[in-house]
Amino acid sequence: MFSVLNRFSRIDNGPLVKKVFDKALLKLSEIVSSQFDPRSVPESEWPGIIKQAMEHSMGPILLWMVTQTDIKISDGVYWQPLIEESRKNAMHDMHLENAFLELAKAFAESGINAVWLKGTALSRTVYPDAALRPCADLDILVPFDQREASLDILKSKEYRFYDDPSQLLPMDHPIFLKLTHHFHLKGRPPASVFIDLHFRLLRDEELLSQKDHKWFMEQVQTETFNDQVFSILKPEAHLLFLIAHAVWHHEREQLYLIWYFDIHLLISKTELSWKMIVEKAIDLKWNRTAEKALKLCEELFATPVPSDVFSKLKDRRPPGEKIPRKFKFEDRGFGLEMMLQNFKHLETKEKVVLTFRTLFPPAKYMRYHYQVREGRLVLHYYLVRWFMQIHHSFSWVLKQIFHRKKNNKI
Amino acid sequence: MNNEKIDKGSPFSFTMRAAVPHHVMVRAVSNEMVVFNMETEFFYGLDDVGNRMWKLLTTSDTIQDAYNILLTEYDADPDTLRADLKALIGQLSENGLLELVK
Chain R
1 MFSVLNRFSR
11 IDNGPLVKKV
21 FDKALLKLSE
31 IVSSQFDPRS
41 VPESEWPGII
51 KQAMEHSMGP
61 ILLWMVTQTD
71 IKISDGVYWQ
81 PLIEESRKNA
91 MHDMHLENAF
101 LELAKAFAES
111 GINAVWLKGT
121 ALSRTVYPDA
131 ALRPCADLDI
141 LVPFDQREAS
151 LDILKSKEYR
161 FYDDPSQLLP
171 MDHPIFLKLT
181 HHFHLKGRPP
191 ASVFIDLHFR
201 LLRDEELLSQ
211 KDHKWFMEQV
221 QTETFNDQVF
231 SILKPEAHLL
241 FLIAHAVWHH
251 EREQLYLIWY
261 FDIHLLISKT
271 ELSWKMIVEK
281 AIDLKWNRTA
291 EKALKLCEEL
301 FATPVPSDVF
311 SKLKDRRPPG
321 EKIPRKFKFE
331 DRGFGLEMML
341 QNFKHLETKE
351 KVVLTFRTLF
361 PPAKYMRYHY
371 QVREGRLVLH
381 YYLVRWFMQI
391 HHSFSWVLKQ
401 IFHRKKNNKI
Chain V
1 MNNEKIDKGS
11 PFSFTMRAAV
21 PHHVMVRAVS
31 NEMVVFNMET
41 EFFYGLDDVG
51 NRMWKLLTTS
61 DTIQDAYNIL
71 LTEYDADPDT
81 LRADLKALIG
91 QLSENGLLEL
101 VK
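Taken in sequence, the protein lines are chains R and V. For what it's worth, my numbering labels the leading residue of the first sequence as 1, then goes sequentially. For what it's worth, my numbering labels the leading residue of the second sequence as 1, then goes sequentially.
Just chain R, with the same shape it has in the complex (with noise of 0.2 Å):
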């Protein structure tokens, strides 16, 4: 089957943009979500769709799906790198439930109100297999308040900040921590497990206000695993906030299907009260993002959305809707809006530092971001950048004044 899915590019209802999907991606998403028999998948295609299912985190639950059935693993040379991260996963994810026991354990005994987001929860509630669900970190939401004693228990088990080189700022630098909606740690090597403690679930205040936060921490429920207690988001909240997260979130972002699938088997493993959902979409005036998510979920596994929600969607858009950026903007001049978004939370001198960061980032980030060797100078993408920025910087600023003029006509 090939399906052609659409994605939405203007704000007002002007024509959509088609996107075409690779194949591979099309056929790995019926592989996972039951739809088609892996049986079936002609040999030459199989090192497409593993490729694609290590590039979108898929590994596990594709070889899982596989190895279900009597298709010879051991036949194909091609299969070799799936095995080999999915025993990596394997590994990876013992030391991640090593650390969700530890760290829930020692919320609780102190009163913490932590509630585990993402894959954190979903691994251990909708998939058939927690090691089936890759996970980088572990994600923990706790209320704005508790957010320093958190932090406290964290570092008394040897968690720290840790050096990340596609940052501007330090973890621990102060005007990274007044931007930032969760803190970033490392545990101890050789686990070295990564900790987002989250204390606010979107970095942005304008699409989460501080009441709808509160309604967030509120939709709660206990879960037990191992004989440890532990709280996640009730499902109808899980599904909205993972909609936020897949859709606006990482909207720089192509599309990555874990998260995708994360809400395809929340949806498809849980009863879920629709109209709670739908009516919290429209309240939260996430309905455009709701819709495509679920339009998306819908073409690529199959979900089970009710026909009924995408009209009420689109029949309820209240004023005001929350569009995400990537809807009114093409990419370009997204990092000068973000930069004009975080000069709101900073004083004057903040502004300067972090201006002077943008401008002359250090030399790690340089080489992170520009893929440039160590040894190899770096000096010359320093120019590469500048002309991007003032490139970009000047493409928003003519979008803007044409979005004005336009919406003065209307």
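Watch out, some of these pointers could steer you wrong.
Heads up, simulated DSS-like pairs for lysine-lysine below, C-alpha to C-alpha not over 25 Å straight-line [stated by the list, open to error]: (1) K211(R) / K186(R); (2) K234(R) / K155(R); (3) K88(R) / K55(V); (4) K322(R) / K292(R); (5) K5(V) / K72(R); (6) K344(R) / K322(R).
Everything labelled a hint here was simulated from the structure, so no lab data went into it.
Given chain R, put chain V in place with the hints provided.
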């Protein structure tokens, strides 16, 4: 029932029972098994035959019972199979991945 554990590396008999210690975690990967000793922080891999032996050892009442089932599943010389199973148990016990109980 006598649940006395024997020390690592001590001689054992097939009338004993094998158990997974609390500090050991396992994950299945395809037909293999990855075993993790949380105390030593070392990982071990079992191939498909080792995986099957592990599963039977940890679910059977005695090692002898596990051996008897393996005899029906594998077309191997009984003495060779017994020696292989004994060697695997020895390695697992030595590395803290299996406890042997009288």
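**Prompt:** Tell me, which hint numbers fail for this structure?
**Reply:** 1, 2, 5
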